[in-house]
Amino acid sequence: MPKDIFVFVELKEGTVRKVSLELLSKGKEIAGHFSSTLYAVLIGHNVKGIAETIQPYSDKVIVVDNEGLADYRWDTYTGVFEGLLKKYNPYAVLGGSTVTGKDFFPRLAARFSGAIISDAVGIDFHDSGVKIKKPLFGGKVISWITCSEDSVIFITFRPNSFGVEKGSLNGEIIEEQFEAAKDPKINMVGAEKHVSEKVDLQEADFIICGGRGMKGPEHFQILEEIAGIMGGRVGASRAVVDSKWREYEDQVGKSGKTVSPKLYIGCGISGALHHTMGMDTSKVIVAINKDPNAPIFHYADYGIVDDAFAILPVLQEALKKTREEI
Amino acid sequence: MNILIFIKQVADTEARIIIKGDQKSLEIENKYNMNFFDEFAVEEAIRIKEKNKDTQITVCTIGSQKAVEALRTAIAMGADRAFLLDGSKAAANDPLSISRILAAFAKKEGFDMILCGRQAIDDESANVGVMASELLGIPHVSAILKMEVVDGNTVKVENEIEGGRGIFEVKLPALFTTQKGLNEPRVPLITGVMKAMKASIPVIDPATLDIPQETLAAGASKITILSYESPQERPPVKIVEGETPEEKVKNLVKALKEDAKVL
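Protein chains in written order, with the working numbering: chain A, 1 to 326; chain B, 1001 to 1263.
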């Protein structure tokens, strides 16, 4: 039986999330290895236009479009996927280790008595199948895991685990109809969405983080400005969030978000273990701290030993210039 | 109201972890705690009981004898009783097998509500709670930030959804996973600690629960650890030199552009 790959395509404000494009890019490589088919699975309402944008990344695009699927709910989405998995019988289903992915994939895996590996960061071939790379204990240990192949394999990956390759396919769009039955025991009575232009913290390529060394919430303004220049996001340490200088959604670390941007800059962050556990998979780490003995320097690629307040305005100007050069 | 809480004992974030020579097993320093996110679950249950005395709080975990410590912590905080599901009797230990055992225990004990942390901080998997709710055929809401018991049958919760908060009314029985921000977990009082030390904690063999025995055997695990390895170490930090902030920044930007190639 061919080892077909499903990628669950996540949307954010009407566009495809970067993590989904990363998974489609990796999925193409996996399906190529197995000479199988890569399916992008898009669920929602009025998403046919979006389906066209992912055609270049997939062998086939399955679209399930109806009013009841406008917003993610585990009950409706699991119902739709149940129908799809029974019909297409893929080898593996890939998704992002996101708020939605963490809610959806375990529900689906339990329904199918499948193998589930979540928060993975890599995948490789092993015997006739795959092996999955997953950090444990906040990145202190890396594990390689295999899955039994007697049922579907469900895997969620941390955003920024793979690059996005330029799409060269032209996947055929297949429209499917499945009932989106709501569980009557659960009723969504409202939602508050932050209207935010900001990129998702976990998907950001650039993160500048402030710690207690930033001395107060008002000093995060310059970090916001630098993040704006770089098209990235501001993050915060636990101490900063606990002091209510920043929202919890900004927290990077063990009890917050795990991030792996291309470039991470820590300002006035000492580098306590619970913080570094959430950022040590960043590609390049820069630390700015006036204390040369701050533990963050053990995790950093580059360090500046100086007062963050002296460095940041200069850094802002310098980064602005690099952006203008592009 | 019967509240059941699933907790997990996890290695402290500061614990030293050594990969053994065969790369197939780990040696973990003897520093363990109740999982960070489970504390919010225990606290929320206690708050519900404080408003409605007619509430019973039961905690359970799957683990070795050692995990009794985490159960005692929950009792010290205010849980009424605890059960240890003996992990050494179940060779299968992937998320599906663990969820099956927890679901079978829940079915046997009965419950109106199940609470557990949104994920364990050792493997960050966030699977077992939601999977158990599916196996039990009950609804779930993950990462809850606010909970209000409307009546004996209905709970109103707010949770973390992509880009904001969702508000749900849920008919019990249901399962909720707890997120930081839900409450401030209490530090046990000395009287609670005394009570916890004296509490008898029954040990249950998973094989006595209503689960097909073959699903407990090692072969039932859907996933297998091939090997452990140490994370790739970063080279030592390069401290960017310079007399002034301007010089330091100039040298940093140059390095990020030319060596690291991230600008």
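Just so you know, these hints were derived from the structure itself, not from any lab.
Treat the hints loosely; a few may be bogus.
[To be verified] Partial list, derived from the structure: chain B residues whose beta carbon lies under 10 Å from chain A:
1) N1033
2) F1036
3) E1043
4) I1046
5) I1048
6) D1086
7) K1089
8) N1093
9) I1121
10) E1124
11) V1141
12) V1149
13) G1152
14) F1168
[Said to hold, decoys possible] 16 Å max Cα-Cα, derived EDC-like pairs, lysine to aspartate or glutamate:
15) K1254(B) <-> E224(A)
16) K321(A) <-> D1123(B)
17) K1146(B) <-> E192(A)
18) K131(A) <-> E1258(B)
19) K262(A) <-> E1246(B)
20) K1261(B) <-> E176(A)
21) K185(A) <-> E1246(B)
22) K1257(B) <-> E192(A)
23) K87(A) <-> E176(A)
24) K290(A) <-> E1241(B)
25) K166(A) <-> E317(A)
26) K215(A) <-> D306(A)
27) K1250(B) <-> E224(A)
28) K133(A) <-> D1151(B)
29) K48(A) <-> E172(A)
30) K320(A) <-> E224(A)
31) K185(A) <-> E1258(B)
32) K262(A) <-> E172(A)
33) K257(A) <-> D1123(B)
[Unchecked claim] Cβ pair distances, simulated, as ranges:
34) K1195(B) <-> P2(A): 43 to 53 Å
35) G129(A) <-> Q1232(B): 31 to 41 Å
36) G122(A) <-> G1021(B): 20 to 30 Å
37) D1205(B) <-> K290(A): 40 to 50 Å
38) V1150(B) <-> E325(A): 50 to 60 Å
It should be emphasised that the depicted structure is a prediction, and the values quoted were computed from it without experimental measurement.
Using N, Cα and C, we set each Cβ at its ideal position, and we do this for glycine too.
A quick look at each hint next to the structure:
1. N1033: At about 12 Å, which exceeds the 10 Å cut-off, the nearest Cβ of chain A leaves the hint on N1033(B) violated.
2. F1036: holds (6 Å)
3. E1043: Interface hint status for E1043(B): violated (15 Å vs cutoff 10 Å).
4. I1046: Nearest chain A Cβ about 20 Å off; hint violated.
5. I1048: Hint on I1048(B): violated, closest Cβ of chain A at ~19 Å, above 10 Å.
6. D1086: At about 23 Å, which exceeds the 10 Å cut-off, the nearest Cβ of chain A leaves the hint on D1086(B) violated.
7. K1089: violated (21 Å)
8. N1093: violated (12 Å)
9. I1121: For I1121(B), the interface hint holds, since the closest Cβ of chain A sits about 6 Å away, which is under 10 Å.
10. E1124: Since chain A brings a Cβ to about 5 Å from E1124(B), closer than 10 Å, the hint holds.
11. V1141: Holds: closest Cβ of chain A sits about 7 Å from V1141(B), inside 10 Å.
12. V1149: Check failed: Cβ of V1149(B) comes no nearer than 15 Å to chain A, outside 10 Å.
13. G1152: violated (15 Å)
14. F1168: holds (6 Å)
15. K1254(B) <-> E224(A): violated (23 Å)
16. K321(A) <-> D1123(B): violated (42 Å)
17. K1146(B) <-> E192(A): Status holds; Cα separation ~14 Å.
18. K131(A) <-> E1258(B): violated (35 Å)
19. K262(A) <-> E1246(B): violated (24 Å)
20. K1261(B) <-> E176(A): Not OK: K1261(B) and E176(A) at ~44 Å, beyond 16 Å, violated.
21. K185(A) <-> E1246(B): It is violated: about 61 Å lies between the C-alpha atoms, which goes past 16 Å.
22. K1257(B) <-> E192(A): The given pair, whose Cα atoms are some 40 Å apart, is violated under the 16 Å limit.
23. K87(A) <-> E176(A): OK: K87(A) and E176(A) at ~10 Å, within 16 Å.
24. K290(A) <-> E1241(B): holds (13 Å)
25. K166(A) <-> E317(A): violated (32 Å)
26. K215(A) <-> D306(A): holds (15 Å)
27. K1250(B) <-> E224(A): Roughly 21 Å separates the two Cα atoms, so the pair is violated.
28. K133(A) <-> D1151(B): Cα-Cα ~45 Å, so violated.
29. K48(A) <-> E172(A): Measuring from Cα to Cα gives roughly 12 Å; hence the hint holds.
30. K320(A) <-> E224(A): holds (13 Å)
31. K185(A) <-> E1258(B): Violated. K185(A) to E1258(B) sits at ~58 Å, over the 16 Å cutoff.
32. K262(A) <-> E172(A): violated (33 Å)
33. K257(A) <-> D1123(B): holds (14 Å)
34. K1195(B) <-> P2(A): 43 to 53 Å: Violated: the Cβ-Cβ distance is about 59 Å, outside 43 to 53 Å.
35. G129(A) <-> Q1232(B): 31 to 41 Å: violated (25 Å)
36. G122(A) <-> G1021(B): 20 to 30 Å: holds (24 Å)
37. D1205(B) <-> K290(A): 40 to 50 Å: violated (57 Å)
38. V1150(B) <-> E325(A): 50 to 60 Å: 59 Å Cβ-Cβ, so the 50 to 60 Å window holds.
Of the numbered hints given earlier, the model fails hints 1, 3, 4, 5, 6, 7, 8, 12, 13, 15, 16, 18, 19, 20, 21, 22, 25, 27, 28, 31, 32, 34, 35, 37; all others are met.
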